[in-house]
Structure formats: C-alpha cells, structure tokens
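Following the hints, put chain B in place on chain A, whose structure we already have.
Just so you know, the protein sequences line up as chains A and B, in that order. Residues are numbered in my numbering as their position in the first sequence, beginning at 1, plus a constant of 7. Residues are numbered in my numbering as their position in the second sequence, beginning at 1, plus a constant of 22.
Derived by calculation from the structure, the hints in this document are not laboratory data. Honestly, I wouldn't trust all of these hints.
To be verified - Here are some, though not all, of the chain B residues that point toward chain A, as calculated from beta-carbon distances under 7 Å:
{"#": "1", "residue": "G62"}
{"#": "2", "residue": "G64"}
{"#": "3", "residue": "L65"}
{"#": "4", "residue": "L67"}
{"#": "5", "residue": "D95"}
{"#": "6", "residue": "S119"}
{"#": "7", "residue": "A123"}
{"#": "8", "residue": "F125"}
{"#": "9", "residue": "Q127"}
{"#": "10", "residue": "G128"}
What the hints assert, rightly or not - Simulated restraints on C-beta separations:
{"#": "11", "chain 1": "B", "residue 1": "N84", "chain 2": "A", "residue 2": "S49", "range": "44 to 52 Å"}
{"#": "12", "chain 1": "A", "residue 1": "E17", "chain 2": "B", "residue 2": "S89", "range": "34 to 42 Å"}
{"#": "13", "chain 1": "A", "residue 1": "N74", "chain 2": "B", "residue 2": "S40", "range": "41 to 49 Å"}
{"#": "14", "chain 1": "B", "residue 1": "P30", "chain 2": "A", "residue 2": "A79", "range": "42 to 50 Å"}
{"#": "15", "chain 1": "A", "residue 1": "Q76", "chain 2": "B", "residue 2": "N84", "range": "35 to 43 Å"}
{"#": "16", "chain 1": "A", "residue 1": "E24", "chain 2": "B", "residue 2": "P97", "range": "18 to 26 Å"}
Quick reminder that beta carbons are idealized off the backbone N, C-alpha and C, glycines included.
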Amino acid sequence: AQTVTQSQPEMSVQEAETVTLSCTYDTSESDYYLFWYKQPPSRQMILVIRQEAYKQQNATENRFSVNFQKAAKSFSLKISDSQLGDAAMYFCAYRSALTGNQFYFGTGTSLTVIP
Amino acid sequence: NAGVTQTPKFQVLKTGQSMTLQCAQDMNHEYMSWYRQDPGMGLRLIHYSVGAGITDQGEVPNGYNVSRSTTEDFPLRLLSAAPSQTSVYFCASSYRSHGEAFFGQGTRLTVV
Chain A
8 AQTVTQSQPE MSVQEAETVT LSCTYDTSES DYYLFWYKQP PSRQMILVIR
58 QEAYKQQNAT ENRFSVNFQK AAKSFSLKIS DSQLGDAAMY FCAYRSALTG
108 NQFYFGTGTS LTVIP
Chain B
23 NAGVTQTPKF QVLKTGQSMT LQCAQDMNHE YMSWYRQDPG MGLRLIHYSV
73 GAGITDQGEV PNGYNVSRST TEDFPLRLLS AAPSQTSVYF CASSYRSHGE
123 AFFGQGTRLT VV
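Isolated chain B, as found in the complex:
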C-alpha cells in the first residue's frame, strides 16, 4: 500500500518558470489538499478538494492552480514561479470530514 505519493522530492526553478507537483493516493480518499510549510508558520493550506471535479481555495492560493480529474490524483501547478514560493510543499489526503491526514514525503522547492 503506497499511501500518498508525491513527486518530485526536490526542485529548483528559475523565476518565471512553471511546474507541476504531482500527488497520488491509493486509499480512495475523497479529501486531498496541498500545504506549504515555512519556518515559524506551520503548515498553511493552499488548495483542497473534496472529490473529483471539486476544488476550493485555502489560505494562500495565489500563484497556484489545482484540478481533480480523478479520485487518485491532485496535481499542484505553479504558474510563474516567484522567490516567495520557495518552500516545502506537502500533499495530504484523508476521508471526508473525519480522520487524520496522510501526508506525502514533501517537496523542497527553491525558486532562484
């Protein structure tokens, strides 16, 4: 059972470049989400989804896009990378409205 698979683990981007962080889960979880982790700020929600075709914004959505075409996958797109998006990104999934979140291994993204 793979759980939540998040790729890549590390990425360096130049300002203005775009990229997609991949996230897949095999637990049939309805709820999936993306967080960014910055020193002293905990984890902040970027976007989330409660099922295929349904997404919504979290606390810090600017500069990021998501889509949910299947239950399993929830990619995060950076449209035009900025140094302020340098962070560690986590994908997480859970059952809807109850239970704990299961996390991917995280992506350390550096924008230069």
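If we strip away everything but chain A, and leave its shape as in the complex, we get:
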C-alpha cells in the first residue's frame, strides 16, 4: 500500500508571510494524482490544489502552489501572503491513476496564522 507522510504535525506563520508544508509519499507507480486538502474548524474538507504526476509543471491556485519532485516523491505546499483564514489542518493525499480505488492521506499538519 502507498504511504503518505507529513512530518510536520504543527506549523505557524505570521500573517502575510510565506509557509511551506511538507509531504512525501511512497509508491512504485508512475501515474498518480496528488492533492492538498484544507480542513478548517468547520470540519469541511476543501480541495486546495491537485497535481497530476505526468505533468512536470507545478500546479498553482492563486496564493497556493506546489513543489512537485517526482523522483524524490515529494509534494510540498507553499502558501504565500498567509491570511488568517488559512488557519486549518492540511492533509496531503495520493491516488493511483491505475487502480484509483483508494485515497491515501497523510496525518495532517495544523497551521496557525499569527496576526
């Protein structure tokens, strides 16, 4: 089974600054999808960004961008110009493009934004 590792249980950032959340994964597959989800205190799981492994270009969504290093099996999330509303738990997730029958989630990183 694939594993997803988030080695930072907690992170903090000053408002308007930049923070990077780390994620590594273990797979023998070459085609897959990677995701970052945000879970605010409301508990709702919200998709932040997605990356297809066959695409070399790093995905970006407004202030959110990823650094996808396929050979290193690394998928970090960069949040620029951090806002108070970015405070949440962030989960990294993996999905095989071959079987696709399961999403594998990391244990999450709790992000605090300091005013």
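Same frame as chain A, now just chain B:
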C-alpha cells in the same frame, strides 16, 4: 448542486446500539467511500464502492457494514457500537480512477 450530503452531523450512541450514517451524492460519481478521522491518524478508509452492487473493504472495516443499491447512496451501518468507534466520519465520492474526492460535512460520533 448539493454535492455530497451526509447525515447526521452529530450523534451520541450507547455501547451496543446500532445506527446508519447516510450519504448521498448527486454528481453521478461511480466511486464512493467512507473514512474515519482520528487525532494524529489522518483519514483511514473503512469501506468503498466502485459502483452499484460493488463494495469492498478498506483499512479499518471491522464493525461496519455498507451496501450500494443505487449510484447515489452509500450508507454506513454500525452494527453494535463500541467506544473505539468514537470518531469523525466522512463520506466521499469521486469519478472512478481519476480526480479529486468530494467530501460530505462529516459526522461526529460519540459512543458512550
């Protein structure tokens, strides 16, 4: 477009009681799944389905049953609730083999 509708949002059960968590999606997704979320453990897959009439076990299936009679609905049944099943439960759906998961709002279940 309602997306994934999960009910109830909160539930308290006594040990040994049974209940069903409801999940419905209106996006015609083939793939539906149930996860439980526990502190420090991320989301763990309980059961999943790739279409009506097809279900399979995930990582932590014991104590839970599922069925998929329609594309839209995927209920999760707790047969005899135990305190170890105290958790937050999420239903999710997606297109088969590609794309992101869409989540319900979650159910906080407490078993006393």
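Okay, the hints, checked on the actual structure:
1. G62: Holds, because the Cβ-Cβ distance from B:G62 to chain A comes to roughly 6 Å (cut-off 7 Å).
2. G64: 4 Å, holds
3. L65: 4 Å, holds
4. L67: 6 Å, holds
5. D95: At about 19 Å, which exceeds the 7 Å cut-off, the nearest Cβ of chain A leaves the hint on B:D95 violated.
6. S119: Holds: closest Cβ of chain A sits about 3 Å from B:S119, inside 7 Å.
7. A123: Holds: closest Cβ of chain A sits about 6 Å from B:A123, inside 7 Å.
8. F125: 4 Å, holds
9. Q127: Given a least distance of 6 Å, the restraint on B:Q127 holds.
10. G128: 5 Å, holds
11. B:N84 with A:S49: 44 to 52 Å: 30 Å Cβ-Cβ, so the 44 to 52 Å window is violated.
12. A:E17 with B:S89: 34 to 42 Å: With a Cβ separation near 39 Å, A:E17 and B:S89 satisfy 34 to 42 Å, so the hint holds.
13. A:N74 with B:S40: 41 to 49 Å: Roughly 47 Å apart at Cβ, these two residues keep to the hinted range, so it holds.
14. B:P30 with A:A79: 42 to 50 Å: Once the Cβ atoms are compared, 43 Å apart, the range 42 to 50 Å for A:A79 and B:P30 holds.
15. A:Q76 with B:N84: 35 to 43 Å: 37 Å, holds
16. A:E24 with B:P97: 18 to 26 Å: 45 Å, violated
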